[in-house]
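Colleague: Here is what each chain is made of, one letter per residue.
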Amino acid sequence: MKRSHIKWTPSNTILFIFLFLFGLIWIYPFVWMISASLKTNLEIILSGLNLVPKSPSFDAYKRAWVEARFNTYFLNSILTSAGSILVVVIRCSLAGYVLAMYNFKGKKLITSIMLITFFVPVGTTLIPIVDLSNKLHLLNTRVGLILALSAGGHVSSVLLYRGFFGQTPKSLMEAGIIDGASFIQIFGKIMLPLAGPVTATTIIMTFMSSWNAFMQPLVFTFSNPNLRTLPVGMMAFSKGDTIDYGGQCAAAVLSVTPIAIAYIFAQQYFVNGIAGAVKS
Amino acid sequence: MKQKRARTPYFWIYLFLLPTLVGYSMYTLWPIIRTVQFSLTSMRGFGSKVRFVGLSNYVQLFQDELFINSLLVTLKFMLLVVPARFLISLLFALALNWKKCQSKTLLRTFFFLPVLTTSAIIGVVFILILDPTFGPISVILSKLGYVDLARIPLLGNRSTVLATAGAIWVWKWMGNSLIYWLASLQSIPDELYEAAKIDGANSLQSFRYVAAPLLVPFAFIILVLSISDAIRVFNLMLTLTNGGPYFATETVELFIYRHAFQATTQRMGYASAAASVFAMFFSVIIILQSVVKRFVKKEV
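In the order they appear, the protein sequences are chains Y and D. Mapping of the first sequence onto my numbering: residues 1 to 280, in sequence order. Mapping of the second sequence onto my numbering: residues 1 to 300, in sequence order.
If we strip away everything but chain Y, and leave its shape as in the complex, we get (with noise of 0.2 Å):
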């Protein structure tokens, strides 16, 4: 990443003022919530607007991850995403290539379906999808969460991979044929580490919508609160008979960070699949 360097002017000295005093309103309930984790229960209540711990502890994390059970709850948002992101990018790669490169039957009919049923929302979908699963046992376990999470949908990341791979040049897959390369071949070794941004865009919106995703988890694991993710064992501890702010902060700072450290890591890939959608 380069580095401009910008000289400060009165003017965007001001501009700059400006928008970090709002910006803190974006952040402030972040660090609340942060000093809070530090923070005994009873400090949380009486220490008004004082964000500094008294003595900092970390017994809330202790109580979320061991007691509230976060610790399952990690896990089951780190395997449930991980199985989301492999079924997205496998199909819609698969998808996308075929759809770029070809001429086939059915082609066009498969695009506008797709197309079509772009913005059906979750709310509608989804009492057949628990039907469906429950008919084939897969209501309360995990490889079910993980097709309803990815298996349907998705339509955007099929639309970024045909777009890359309508692309790239025919010739390189005539290369990969005449050198006798296999359909396979040619689409593993030489088209698909090709597209390697399309697919780091892929895996960081797929984890973002799988490990925030809420109504499909939160309903396929009512009797089995051991495959709970992180957003429905929230709920369950804010909703639970025991009430305990500095574990539900400490709960949220853990479900947080690993989406913010992907964030700091993969910047331009978050920005640019968000970025993708008014582009297209």
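No lab work stands behind these hints: they were computed from the structure. Backbone N, C-alpha and C define an ideal beta-carbon position, used for all residues, glycine too. Some hints could be false.
To be verified - Keeping only pairs whose Cα atoms sit at most 25 Å apart, straight-line, the calculated DMTMM-like set for lysine to aspartate or glutamate is:
(1) D:K99 / D:E194
(2) Y:K62 / D:E191
(3) Y:K239 / D:E194
(4) Y:K7 / D:D131
To be verified - Simulated restraints, written as ranges between beta carbons of each label pair:
(5) Y:S112 / D:S159: 28 to 36 Å
(6) Y:N50 / D:I287: 49 to 57 Å
(7) D:I287 / Y:V143: 19 to 27 Å
(8) Y:S223 / D:Y246: 27 to 35 Å
(9) D:N242 / Y:N71: 37 to 45 Å
(10) Y:N71 / D:Y10: 45 to 53 Å
(11) D:I286 / Y:A82: 27 to 35 Å
(12) Y:F20 / D:I286: 35 to 43 Å
(13) Y:N134 / D:F11: 18 to 26 Å
(14) D:L91 / Y:I6: 32 to 40 Å
(15) Y:V143 / D:L91: 24 to 32 Å
On the provided structure of chain Y, position chain D as indicated by the hints.
Modeller: This is chain D only, laid out in the frame that chain Y set:
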């Protein structure tokens, strides 16, 4: 130029499409058909006896005050939050797009942090932040002298709850629209601004006459995306208010969820009818948008 190559490898093509075709059919297409089918039955839970009841769920739905209420709440919420998210994000984007703006990445990260955070977590944390006894918002209000206002439970009061939830929603999603706007603004070539400058335009004029017309198509996409987010607000509401107090924030998706999955009132057929109406309501808005968009494009 069309080359004659080896014949099209149909076997591989359909094999590559198979996972998406099967997955999409099972988890998107078939469920849409099933929802309509369920909506014509008396289905309560899974495995319960099902009777065909025709359109009676729909008739009942439109006589159900709580369903009408949920449509109105959704619509009100949308009208409240979409313009706010749209305008605030545009202003911040214009500021961050300014060439001389300092620390863009830092500021963008500030605004983007809530977008990364799960709605369920935001819901839980804001219940604490808005707590009328110890939450920082109420402490600040009472320090400023608004003692009465500080004691109002913003989330427990019918007259304040929707606006409060709306503010939190705008706070959460603003950074998303900000990225949209920045991408749109960056698609405008610098030369155009420079040409305007040479012609003597000030920055307001160059926004009005150079950037604004080029932003119109983007603005519509951004609007559609925000509207579709706003209509589908579920996660935040479920954790923040659970539709309360007394249904003041029960959006359509919460209504569907309550009838489909909350054990005491489980009526899946009825919920499916609501889900079908919701999908229709949703498509009407999306279609309306694209019609308006086409119309505007002609005008520009």
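Colleague: Check the structure against each numbered hint from earlier and tell me which ones fail, lowest number first.
Modeller: The structure conflicts with hints 2, 3, 4, 5, 7, 9, 13, 14, 15, although it agrees with all the remaining ones.
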